[in-house]
Amino acid sequence: MTIQLSIIVRVVAGREFLRRCLDHLARQTAGRPFEIIVPYDARVAGIEQIKNDYPEIIFVATPALSREDRLTPGIAHEVYDVRTAAGLRAARGDLIAILEDFGIAPPDWCDQILRAHQLPHGVIGGSLEHVGRGLLNWAVFFLDLGRYQLPLREGVAEYLTDNNVSYKRPALETVKHVWSERYNEATVHWALARNGVVLWRRPQMVMHQDRGQLKLITCLTERFFWGRIFGRKRAAECSRARRVIYILASPLIPAIVLARLTGKIMRGARHRAQFIIAFPLTVALASCWTLGELVGYLQGAET
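Everything in the sequence shown is counted per my numbering, starting at 356 for the first residue and increasing by one.
Keep in mind the hints are simulated off the structure, nothing from the lab.
Quick list of in silico lysine-lysine cross-link-like pairs, DSS-like style, CA-CA up to 30 angstroms:
#1 406 / 531
#2 588 / 531
#3 619 / 570
#4 406 / 523
#5 570 / 588
#6 619 / 588
#7 406 / 570
#8 588 / 523
The whole structure should be built from the sequences, with the hints applied where relevant.
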């Protein structure tokens, strides 16, 4: 049987979130030429029971990158990237979609992906809607993913999120050397863009998101490390002169990001109250990201 759509679920939040995610996906994939792939390693608590409870799902074991029982922010993103690459290598579908386990797929999500890929574009990303609670959750969502919140215009995009993105296999295969060991959406999308592939944003491809209870210190630490990763990846893609410009301009990043975000929220007339109340937390998170991004530029490309 030809697989039409492979869905890769990145395990980030853990057991209960993964179950919820798989339940929502299973309702729209049963009996169809789709496959759900869950890359994991031994640190995913309760994974053996989950494998038994979802026999129709493909679980791909990956080696642990460290001996630590729990993922620290410093290595978490690297672990997720390695797992995702394993899922991509295992995928058999003509189309390949990626989401994270705190995503809650609406009933028409798979159908929206199929409709979207009637368009000629090799990579198509969707929108995100926050359905969780708590000011910290809102702040994290606004900073990390606010640019993908509805309302959005369909069209060419500079960035797409790996929380809700899909690829035509031929396009993804052209940059396999970039993701074969570690998948990072920014470097993959930059490589696709260099090959002339359009990054297309499709608002109708909606994914809901609920991260559950968050801790402030963890979120601040994550933003620093993830900002550093982005800075190092970007440093690898640009000239030395542009890298110097990024370093000098780094203090302006929070103001620019927050100004753009404020404009989007106020124009969109949605979640204004949550944005205003959570704004101090969003500023703190943005500052940690910026510090990490600056450190990444100073350290330079990863070796």
